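Number of protein chains: 2
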Amino acid sequence: MMSPIYLAFTITTIISLSSSNWFVYGTEWKPSWSAGAAEEAEAVAAIPCSGHGRAYLDGLVLSGYEPICECNPCYSGSDCSNFSSNCSANAGSGDPYFLEPFWMRHAASSAMLVSGWHRMGYTYSDGSYISQLLVDHIKKLHKIVGNAITDERYIIFGGGSTQLLNAAVYAFSSNNNSSATPAKVVATAPYYPVYRTQTDLFNSRDYRYEGDTSLWKNKTDINGTTFIEFVTSPNNPDGKLTKAVLEGSNVKTINDRAYYWPHFTPIPSPADDDLMIFTISKLTGHAGTRFGWGIIKDKGVYEKMLTYMDLNTMGISREAQLRALKLLNVVLEGDGKEIFQFGYSTMRNRWTRLNQIISKSKRFSLQKLSPQYCTFFKRVRAPSPAYAWLKCERVEDKNCSKILEGGGINGRGGSMYDSDDRHVRLSLIKSQDDFEILVNKFTLLVANKG
Amino acid sequence: MMSPIYLAFTITTIISLSSSNWFVYGTEWKPSWSAGAAEEAEAVAAIPCSGHGRAYLDGLVLSGYEPICECNPCYSGSDCSNFSSNCSANAGSGDPYFLEPFWMRHAASSAMLVSGWHRMGYTYSDGSYISQLLVDHIKKLHKIVGNAITDERYIIFGGGSTQLLNAAVYAFSSNNNSSATPAKVVATAPYYPVYRTQTDLFNSRDYRYEGDTSLWKNKTDINGTTFIEFVTSPNNPDGKLTKAVLEGSNVKTINDRAYYWPHFTPIPSPADDDLMIFTISKLTGHAGTRFGWGIIKDKGVYEKMLTYMDLNTMGISREAQLRALKLLNVVLEGDGKEIFQFGYSTMRNRWTRLNQIISKSKRFSLQKLSPQYCTFFKRVRAPSPAYAWLKCERVEDKNCSKILEGGGINGRGGSMYDSDDRHVRLSLIKSQDDFEILVNKFTLLVANKG
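Top line first, the protein sequences correspond to chains A and B.
Under the working numbering, the first residue of the first sequence carries the number 1, and numbering increases by one thereafter.
Under the working numbering, the first residue of the second sequence carries the number 1, and numbering increases by one thereafter.
Next up, chain A with everything else stripped away, as it sits in the complex:
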């Protein structure tokens, strides 16, 4: 028979081990109400899709089981294992999947669990639509990276940088004087087409898109008309660090700084413009989150932009703000060294490889970018742009897109950027699969056509 003492020990052990299934046991922790959401997310993440696609929690479901794999371009099949070699390279969109491997490596720190009752109300506890904690994170990030001055500046959030572009145009152009000439909105080609299409869309009495800055240089002093110049630095599509072209007391500048991160450019000094716009899309790669922010010097301009955000969408999604907070927390680990090193290495490697191929060709050329001292990396660093701004050099190749399409490469024609169709923008920030296909197509094209 068992001794009473031994029996008691055994029972105690069984109870304590058994109870550890339900309560905290040493460093181990077991979820209660969050278990289902956590298990579901891990199950979806575990679907391999052959490394050429991914399954999502909100993916379409076939036959009631697991979400289907969403395959990278040119891959297909239920597990994305079929590669189609005669499929064209898709280098059109600016989907920033190049950072996806970084987030997969940081699965634990970047995951967020949202309870069903998380922030149901319209406002944060200070009555605003803007998370002050997230504002603090953004300011800390700019300080660490050294790419923008935020001290004594106002911070505003928008649905991507997109929504903030027009909020800024509104703030700079609105006035109570209905007889005033509409503000003239301008940019320098090649420029991001949304500046024009968005300004046209709203068809406002207060502003109007008026073409290229070159038309207005030294002509800005017309009856006090306001000029609003979009300045993108580094520029989309060509990656160059640019400055405003127009000068004068009635010229307002909207500085689109979407690409002013160490992934894409040396950071020579912190930007200190009156109105700067950033987006998480090109910082962490989360284009789908639709989270951008503006840094504004003037209180009146800031308040007009707040009014715009209130009446357009009543601020932006609390879930998007929580996600941005989570992601920035990871970015800030180790003072941002890891993500920017990863981003720069990836983009630098891609630019080098594309250059090696194009340099063998007389038919095509890429934009020239120079190494420059970067205050973030504390050394001179080579170019690593987000986009190739490719030129067809032969006189007869006036439609460069057509030439590339013949070689199975889809980009965006220069005329979209108010430039000429001798140029094509090719996105280098997509997935590694997309980049490999692009490189393969170019290798063949250059070998065949010179």
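Everything labelled a hint here was simulated from the structure, so no lab data went into it.
Just so you know, these numbers come straight off a predicted model, no measurement behind them.
Hints may contain errors.
For identical chains, the list gives no copy identity; a pair is met inside one copy or between any two copies.
Cut-off 25 Å, straight-line C-alpha distance, at most; resulting in silico cross-link-like pairs (SDA-like, lysine to any residue) [said to hold, decoys possible]:
| # | residue 1 | residue 2 |
| --- | --- | --- |
| 1 | K139 | E70 |
| 2 | K402 | S415 |
| 3 | K297 | S345 |
| 4 | K139 | E66 |
| 5 | K398 | S359 |
| 6 | K139 | A55 |
| 7 | K217 | N410 |
Got chain A sorted already, so can you dock chain B onto it with the hints?
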């Protein structure tokens, strides 16, 4: 001594229980990379805040420990346990916290865990900004509730219903004929003030706010000018089921159906208007998610609204869409019976209690609403509006807000709704704490002032 068989059993039991700390054991599952996010969310949810506030994952943190409690109005202290009885009732905003207890009771099914790499790109796999799975859920919900026809209709998403209001105005007014008279945007007082303020904000050449429908009745046939009438049913602020006032081939109607849910109104029949707008804010109570949708008959109108959404914000946050999906899944359980029964009971109870108090007064009155057959509950049901539209009956009480403020009650004056200041809107959809304070203040006010 212990028998060998008993010892073997004991050891096996110990090992199997012990190993269950690390691996799946029967129905028990242990998180790996999701553990940190799950633990963090549960820890925040476990902060009690005395039942008069809540802590959030993105709440401000004091002294580096846990997030601070964000207290309900009139409660304060680090754990929200201090009640201030001389604090005014805040019945201004439409924060829909009345549904928060429902989500706390459904913690497990409504939680969502978002991985760091969830939907980084701009588009879903079909190239759109709109989750088709969420569209399917929305259609299923309308079918179950019977409040809108969605077959052969187009569905579009926006940043709350707010963004869709102007998207609809844009779609109905934009044309390529720049010499056309701007469309006249109108509504019937009392109406939701954003219709006017938002329309004014954009100051478009294509449309202009032109006041109350009463000014234009039987006058809509002027040179083919387009009229755009906002119709809100049930109406905000007075909860009445309304119809369009203007008639004619050049009259377009934007039907704001934010409150057309069994919480707030009987559902006599499915709405089948050309353009209807809904929002999750008044369905599940998640105002902060900024998720709304439009149901549109005409393909051309739908496509114009898509263009508007693309150029304004490039669609809406993927996190907001995922959250909406999660929440609608819970709503759909048991064909929606549970949430709508909870919502109706809560709102009905509040309306009854407020009526009991006000009915004792000759100084104040509430809007009259009638019981009506509800096709969702399959019975005649009593009113349960989202807002009280209170009137001060005495001739001298021209500023009703002032009278209420004297009694410690803050609402929104009727002139905000283009009505008179003899009326005040009082929100009944806030937290139970807010409602109890409102009821207490009214009880005192009626007892003191009649």
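Okay, the hints, checked on the actual structure:
1. K139 with E70: between (36 Å within a copy, 24 Å between copies)
2. K402 with S415: within (13 Å within a copy, 61 Å between copies)
3. K297 with S345: neither (34 Å within a copy, 50 Å between copies)
4. K139 with E66: between (41 Å within a copy, 22 Å between copies)
5. K398 with S359: This pair counts as within: shortest intra-copy Cα distance 20 Å, inter-copy 80 Å.
6. K139 with A55: between (34 Å within a copy, 24 Å between copies)
7. K217 with N410: For K217 and N410, neither the intra-copy (35 Å) nor the inter-copy (54 Å) Cα distance is at most 25 Å.
Violated hints for the displayed structure, listed by number in ascending order: 3 and 7.
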